[in-house]
Structure formats: C-alpha cells, structure tokens
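Following the hints, complete the assembly by docking chains B, C and D onto the known chain A.
Number of protein chains: 4
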Amino acid sequence: MKEIKESPIVILNFKTYLESTGKNALKLAKSCQTVAEETGVNIMVAPQYADIYRISQELDIPVLAQHIDSIEAGGHTGSILPESMKEAGAVGTLINHSEQRQQLFNIDAVVKKAFSLGMSSVVCTNNIETSAAAATLNPDFVAIEPPELIGSGIPVSQAEPEIVEKTVELIHDINKDVRVLCGAGISTGDDMKAAIDLGSEGVLLASGIILADDPKRALLDLVSKI
Amino acid sequence: MKEIKESPIVILNFKTYLESTGKNALKLAKSCQTVAEETGVNIMVAPQYADIYRISQELDIPVLAQHIDSIEAGGHTGSILPESMKEAGAVGTLINHSEQRQQLFNIDAVVKKAFSLGMSSVVCTNNIETSAAAATLNPDFVAIEPPELIGSGIPVSQAEPEIVEKTVELIHDINKDVRVLCGAGISTGDDMKAAIDLGSEGVLLASGIILADDPKRALLDLVSKI
Amino acid sequence: MKEIKESPIVILNFKTYLESTGKNALKLAKSCQTVAEETGVNIMVAPQYADIYRISQELDIPVLAQHIDSIEAGGHTGSILPESMKEAGAVGTLINHSEQRQQLFNIDAVVKKAFSLGMSSVVCTNNIETSAAAATLNPDFVAIEPPELIGSGIPVSQAEPEIVEKTVELIHDINKDVRVLCGAGISTGDDMKAAIDLGSEGVLLASGIILADDPKRALLDLVSKI
Amino acid sequence: MKEIKESPIVILNFKTYLESTGKNALKLAKSCQTVAEETGVNIMVAPQYADIYRISQELDIPVLAQHIDSIEAGGHTGSILPESMKEAGAVGTLINHSEQRQQLFNIDAVVKKAFSLGMSSVVCTNNIETSAAAATLNPDFVAIEPPELIGSGIPVSQAEPEIVEKTVELIHDINKDVRVLCGAGISTGDDMKAAIDLGSEGVLLASGIILADDPKRALLDLVSKI
Numbered sequence: 001m002k003e004i005k006e007s008p009i010v011i012l013n014f015k016t017y018l019e020s021t022g023k024n025a026l027k028l029a030k031s032c033q034t035v036a037e038e039t040g041v042n043i044m045v046a047p048q049y050a051d052i053y054r055i056s057q058e059l060d061i062p063v064l065a066q067h068i069d070s071i072e073a074g075g076h077t078g079s080i081l082p083e084s085m086k087e088a089g090a091v092g093t094l095i096n097h098s099e100q101r102q103q104l105f106n107i108d109a110v111v112k113k114a115f116s117l118g119m120s121s122v123v124c125t126n127n128i129e130t131s132a133a134a135a136t137l138n139p140d141f142v143a144i145e146p147p148e149l150i151g152s153g154i155p156v157s158q159a160e161p162e163i164v165e166k167t168v169e170l171i172h173d174i175n176k177d178v179r180v181l182c183g184a185g186i187s188t189g190d191d192m193k194a195a196i197d198l199g200s201e202g203v204l205l206a207s208g209i210i211l212a213d214d215p216k217r218a219l220l221d222l223v224s225k226i
Numbered sequence: 001m002k003e004i005k006e007s008p009i010v011i012l013n014f015k016t017y018l019e020s021t022g023k024n025a026l027k028l029a030k031s032c033q034t035v036a037e038e039t040g041v042n043i044m045v046a047p048q049y050a051d052i053y054r055i056s057q058e059l060d061i062p063v064l065a066q067h068i069d070s071i072e073a074g075g076h077t078g079s080i081l082p083e084s085m086k087e088a089g090a091v092g093t094l095i096n097h098s099e100q101r102q103q104l105f106n107i108d109a110v111v112k113k114a115f116s117l118g119m120s121s122v123v124c125t126n127n128i129e130t131s132a133a134a135a136t137l138n139p140d141f142v143a144i145e146p147p148e149l150i151g152s153g154i155p156v157s158q159a160e161p162e163i164v165e166k167t168v169e170l171i172h173d174i175n176k177d178v179r180v181l182c183g184a185g186i187s188t189g190d191d192m193k194a195a196i197d198l199g200s201e202g203v204l205l206a207s208g209i210i211l212a213d214d215p216k217r218a219l220l221d222l223v224s225k226i
Numbered sequence: 001m002k003e004i005k006e007s008p009i010v011i012l013n014f015k016t017y018l019e020s021t022g023k024n025a026l027k028l029a030k031s032c033q034t035v036a037e038e039t040g041v042n043i044m045v046a047p048q049y050a051d052i053y054r055i056s057q058e059l060d061i062p063v064l065a066q067h068i069d070s071i072e073a074g075g076h077t078g079s080i081l082p083e084s085m086k087e088a089g090a091v092g093t094l095i096n097h098s099e100q101r102q103q104l105f106n107i108d109a110v111v112k113k114a115f116s117l118g119m120s121s122v123v124c125t126n127n128i129e130t131s132a133a134a135a136t137l138n139p140d141f142v143a144i145e146p147p148e149l150i151g152s153g154i155p156v157s158q159a160e161p162e163i164v165e166k167t168v169e170l171i172h173d174i175n176k177d178v179r180v181l182c183g184a185g186i187s188t189g190d191d192m193k194a195a196i197d198l199g200s201e202g203v204l205l206a207s208g209i210i211l212a213d214d215p216k217r218a219l220l221d222l223v224s225k226i
Numbered sequence: 001m002k003e004i005k006e007s008p009i010v011i012l013n014f015k016t017y018l019e020s021t022g023k024n025a026l027k028l029a030k031s032c033q034t035v036a037e038e039t040g041v042n043i044m045v046a047p048q049y050a051d052i053y054r055i056s057q058e059l060d061i062p063v064l065a066q067h068i069d070s071i072e073a074g075g076h077t078g079s080i081l082p083e084s085m086k087e088a089g090a091v092g093t094l095i096n097h098s099e100q101r102q103q104l105f106n107i108d109a110v111v112k113k114a115f116s117l118g119m120s121s122v123v124c125t126n127n128i129e130t131s132a133a134a135a136t137l138n139p140d141f142v143a144i145e146p147p148e149l150i151g152s153g154i155p156v157s158q159a160e161p162e163i164v165e166k167t168v169e170l171i172h173d174i175n176k177d178v179r180v181l182c183g184a185g186i187s188t189g190d191d192m193k194a195a196i197d198l199g200s201e202g203v204l205l206a207s208g209i210i211l212a213d214d215p216k217r218a219l220l221d222l223v224s225k226i
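Which chain is which? The protein sequence lines are A, B, C and D, in order. Residue 1 is where the first sequence starts when you use this note's numbering, and the numbers rise one by one after that. Residue 1 is where the second sequence starts when you use this note's numbering, and the numbers rise one by one after that. Residue 1 is where the third sequence starts when you use this note's numbering, and the numbers rise one by one after that. Residue 1 is where the fourth sequence starts when you use this note's numbering, and the numbers rise one by one after that.
FYI, nobody ran anything at the bench for these hints, they're computed from the structure. In this text the structure is predicted, and so the values were computed from the model without any measurement. In this text, a Cβ means the ideal position worked out from N, Cα and C, and glycines have one as well. Each hint should be verified, as a subset may be incorrect.
What the hints assert, rightly or not - Which stretches of chain C does chain D cover? Using the computed rule of at least three CB atoms under 8 Å from a CB of chain D, they are:
hint	region
1	66-72
2	75-81
3	140-146
4	153-161
Same shape as in the complex, but just chain A:
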C-alpha cells in the first residue's frame, strides 16, 4: 500500500540534521503524511538509516533510504546492505546524492540491485550531462540538483529554468520511462510550480522544509500552487 503514486512528487531528504533525527524524524514524517493526505500530493521521506524502521512501522508514508551500498550480504561491517533497508521498510532509495557521490560503476550496480529487490531508484545528478548519463542506466527517477544551489535558498526551477527544461528533454530522448525531479534551493509554492511547469514531475528538497520554523506549514505552502 505504500507504493509510489502518480506525480506530482515531493521527496523530503532528511539528511543528517538533528531536526530530522530520531523522534524529530518521526514527527517530521508525520507532518509529511498529514500534508500528503490533506492535499493528495505524493510525499515521500528519506530519513536516516536508523529511523527507517520506526517511521515505516508507525506511519503509512513511503520511505526511501538515503543511500545503499553495492554489496552482497556478507562481511561488510558498516556498509548499507540493500536488503537491510528493504526489510526495515524502505520502498526505494536515493542514489548518488551530491553529498554521497558514487562511482559510475556503482550507480549502475545499485540501480540494478534496487530493481531486483522491487525498490525504486532515484539517481541524483549535478548537471545536464550527468543526468543524461544517469538516464541510460534505467533508474525510476533522475533528480537533477545543481550543487551550487543546494541549501542556497535560490530555487533551481527559477534560477536556471533552462537546465531543468533541457534535462527533461534530453532524458526523455534517451529513455522515456525515466521520470525527472529537480532540486536545490526549492522551498516555496512558486518554486514547485515552476518545477512542474518546466516538465519535471516533482521536487527533491531538504533544508527549506526541515529547518523551517513550522515544517508542516512550509510543506503546505510548497504544494499550494500545483
């Protein structure tokens, strides 16, 4: 029942803020779920590994891992076993976030691994060229986030609309089945509307919501114009 529904999509990356750790993570995920239910927008959360089980047990919102490692079960102390994320309740995973960049070789392997486990894959990229490269690997989503705008408060969908547009076009030339998200600097309803108008199916965001005085209100604003 926790499937990833139709667009528009909002993925809230909890990163490693104290405001989104442990009890705070649960509370934030609850706000996300409430807003999703009230507005019909498909909101997903990507909390830290230790919080996945608890959130997926106590709530109904789809949960993503922030990263999985390209490993088989066995002797890999400290690594992120994909099967562990799945059993804890993750229905998908971010891959290659700009704060967790991966080797090309591993991105390919991890997208395939996620697919084999029935998990959705969201490959993050930093520009048009790497977005096209990611699309050739057949992930479910490519999320483009120009790194210079991450956490800047300057929304990619408004500051560099042509990047989003070109990325959508180029990705669909290569692989029609890949859905495009955009991120970096997104926080308001106008930002999200611009993202959708440019052809993306949603947004990936973090600090704009997590660090807001009232995250629930910030989420409501985010989805207010779509």
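Just chains B, C and D, lined up with the frame of chain A:
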C-alpha cells in the same frame, strides 16, 4: 542500565549477513541476551544501523553501532551521524573495522566524538603497530584482528598468541586505561580461553557465531571455559 | 606531431608493473614505437606519471596519463593535476579505469577538463550500460573492459563478442563521434582482429604484452592480422 | 650523495600550483638548491610525480614524493608505485598530508614500505594525538600541521607554540628516533626560528614560498634567523 560491564567481554559484530539482518538480527540479539543472562558474561551486539532501534527497544543487551562518521549534524546525506546512533539506542561504536577502514585523522575525531556523547569506542586494528597507534588516541577498547585470519576459522589467540600478548603489553605501556580485545577466527571456548589467558579482556567475533547452525549453542560453547 | 592518428588503435596501459617502470618503461615504449613505425598501426602508451616526461622527451610515440584528477591548480598535495600531465608530455588520459574507478560527477568533469586542455579522453567502462552512460559525456573514446576478463587471458572480443557489438551500436546511437575500443584479455592477433571485426576501432591492453617474454614480438603478433 | 642531512630542515611541498609545475618546478627547485648551498640549510623539495625525474636528473637537491600508495607492483592503474618514485629519483616521501589523508592501516604499511626501499618517511599529522599515533609507527619524521592554519599565513610556531612543544615532547616520550617538523602558516625567518626554538628540527611549508613574488628571496628570509 545498559552499561558495558566488567570483563570478560564478547562483542558480536553482526556485519551484513542476511542471517543477522532485520528479524534475524532481533532473534540473534535475543540469543545473545539469554546467554549473557545465563552465564554472566558481558555480551554486546553490533547490528546494522537499521536494526539498532528495534533491538534496543525490545531487548536489554548493550548495542553498538558498526561505524559512525566524523560529521557534525547537517547536510551529509547517507552518512552515519553519531547522534542518530545514540538516539536509536547505541551505547558505543566499532571504529576502523578492517572492512571499514578509516583515516587516522577520522579515528581520532570519532573517538573524541563518541566520548563527548558518552558512547564507548572500540577501535579495531590489524597489527601490533597500529594497535599502539590506536592506544594513543584514548579509546575505551582496542580490538586487534589480524586481517588474514578474519573469517578463516583459525583463531588469532591460538595461531598467533605472541601478537595478542605483545599488543596487550605495548598498549598498556602507552595507555593503561585502554582495554584490549582480540578477534579474527575466534569461535570456540578454547579460542576465547586462550584470548583471556594472553591478557586480553575479551573477543570480537562474527561469522563463527552468526553462521553457526545453532548460534545460541555456539555462544554457550564460546563462553564455556572462562 | 604526436597526434592520435586514424584507427586501428592500440593503447598499451603500463599499469604499475616493475616491467614497465622507469628504464623498463622507456624500453617498452621504444618497442611500441618501433612496432608502430614498422606496421603503421597507431600505438599509444600509458606509463606511470613519473615516466611520462622522460618517454615524451626521448621518443615520438603518443603518451597518455593513466588518470587525472578533477582538480584546479592549487593546494592538492599528492593529486594528479591535469596541467602537470600535459606539460610533462601527455596528449590524453585514461579515465575511470577499472583499477581507478571514478565518481560519475568526476568523469564528466575530467572529460571536460581534458577537452579544454586539448587532451584526448579515453573513458573505461565495465559493461554495456556504463558504456552508454560514458558516451553521453562526449569523450573521444570509450574503452569497454568487462572486469572479470581483465588479466584473464580470455579475450573479450572472442569470449563475449555480443558485448562489444552491442556496445558499439548503443554508443553510436547516443553519440556518433565517440570511438569505441575494447579490452580485457586481449593479447593475440586473433583477439585484435576479432575486436576490429566487431566494430571497435582498437584495443586497450596491458599484461598480455607487458609480461610477455618478448613484448616487441607480442606486439607484432597483436597487430599481425589487421 | 643526496642524503637527508642534519637539521635544521626545510621541506618545500610544491603541491599542485602552476607556479610549481613542470618548468616552473625545475626553476623553483633550482632556487631551493642555490639557497641550500649558500646557507647550509638542508632544503628538500616535494614536487609533483611527473617532475621528480627531471628535477633529480638536473639538480642535486633531495627530492621527496608527495605521496606513495600502499601497493605492490602489478595491476594498479593510476596509483603511485613506491618503486616508481624511487627509480625516478625520490629519496623519501610525504605520507598522510592533510590534502591526502590516509587510513591508519595504510600509513603503517607505507612507512614500512618506504623503509624497505631505503626511502625517508615524513608522516604529516593534524594535532597532538595523531602525532603521537604517527610516532608509534616509526617514521623518520612527523610533521605536525594544524589544518586550520594551512595556507592561512598564521604561523603555527607563533600562533600555537604550545602545540609544537607538546608534540615534540610526546613524540619523544614514545619514540626518541622520530624527528619533528612543524608546518602550517610558516613563511618568515621569525616563524622558522620560533619552530626551532620550540624543539622542532625544521619546517614543512608551501604557499608562503611558492606564491611569493620572489621565492628565492622568501627562502633566504625563511632561513635567515637560524
């Protein structure tokens, strides 16, 4: 109440085996707790990140993380925030396991971070020299594991007793407060007895128990001669 | 004058064998140059960093770096500054060799950097999907090397001909300007002929020549059937 | 004949500045040699890999590598084979520079490797604790460089004299044979004099000289008060 008690000590590193993931992790931790209660031996478990919360909620056995990253709270997608491990229930952490080797700089930073959070630090090392180096960083424990013996079934305490003895001696020359564990190839009561006789205060082990036909019986055997 | 000429192309990766270090590197490069002159085949060499200056000073064969880092000039102790490789005499560089795998983000940055310096880029890949991804980044060459065959003596062009064929086709669908090489297990004239017949423009190889009793003879054999 | 002589010692790390690459590297090394000859101070240079051969061929100044990898000869494309550095003319190597931090495990292995090749080892560290750890590994030198001062123009020997003093003391408690250098922010004669007065045997520096309007004059100033 889940404090690390007096020696002898057994730390079971769950690594990333399917036999020690999710429900299996909980079951294995329960066996560890039962053996600890029945025998009075101090057994600790180091499960995967996603299983820490559940085990620490449902059981009373001390739980360690397998690794923590040297980061401050903030934008570190996919990294292991020490505070997240603590809030999930970890009372300490392995550091620099041979499958998760760290930069010298980070080992120092992470030992200090664990200390500041009231978490125990268990620095793993691969030989006498790196054990001495680790001791200068003031961790609670140094666990020496010659990498060629890990998962070999050949116990370090019997195959290379002089390494354990010399390590204990050299570490205590440098820092009397550091407690020494040994690992690699340990699985039987004789292995553990030899480890204690050589001056170590316990063992760090994994596959010898996790992959045993009957892990609880294997644990009982492990602690039978001390 | 040391430009990269028309196909067929042979790139000899010197790796870090003692047989291809220092004086041995110079001698091996000289053999490569002699064979290139005698046969008209375009042979390039990729020696270790410390040997690039000497080889490019004393010989006329095109020299590639084995890797360059995605850095700007400045404070990067121990890293490989692209400008340093160029000034030493390298006309291009391998990128993302299976023994030096790079983040997707860096492959993109380094291909662009090489281009801006007028250096040729040879991106190594491990399968069909990553070859397609590499092609979207506009390198001069993509060299596919299934890792399980590297150093195996089993030639990719004969063991897995369909991989080479499909890679050529898929890459040219994405980007007609990218030239395809293949590697892994290549050592004989038959291997190289098969590689060309499958649509590639040449081969990337190493131990089959470097460790041969008589590298010059091995090179002559390699190019004997094209 | 290019042996490392008695203290005081100056090691000039060329890093990856264009001002210290290729022809510029040779010219800078020549200035270092002239100053060494004129003043009797033991100056060593650590140029980029590609410049080691040329400098050691054309000059008489001792040359260090900026880094070596913990590898055996063989299939390690793009890595730094210690034997390659030695054959190119390096008489020693920096290890674990703050811009090239290494795993504890590797620092130990590389110090041993350098020793086995008759090369001097200079392990860089970031604070008192890691300096002590480095000393247990028996390198020839430990060079302490508080990272917050590197490139700052604020000399460690004047800004944090107690760090240098304590490091010298602690290192000599652990291992009398290790010689201590200090770095970070060093550029003037007063800085160097302070370093020597605090018990260190010399300095490791970079931008203060490399980027000076007149590097030779800057070097003469550096060694003017000892």
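For each hint, the structure was consulted:
{"no.": "1", "hint": "66-72", "in the structure": "holds (count 3)"}
{"no.": "2", "hint": "75-81", "in the structure": "holds (count 7)"}
{"no.": "3", "hint": "140-146", "in the structure": "violated (count 0)"}
{"no.": "4", "hint": "153-161", "in the structure": "violated (count 0)"}
Checked against the numbered hints above, the structure breaks hints 3 and 4 and satisfies the rest.
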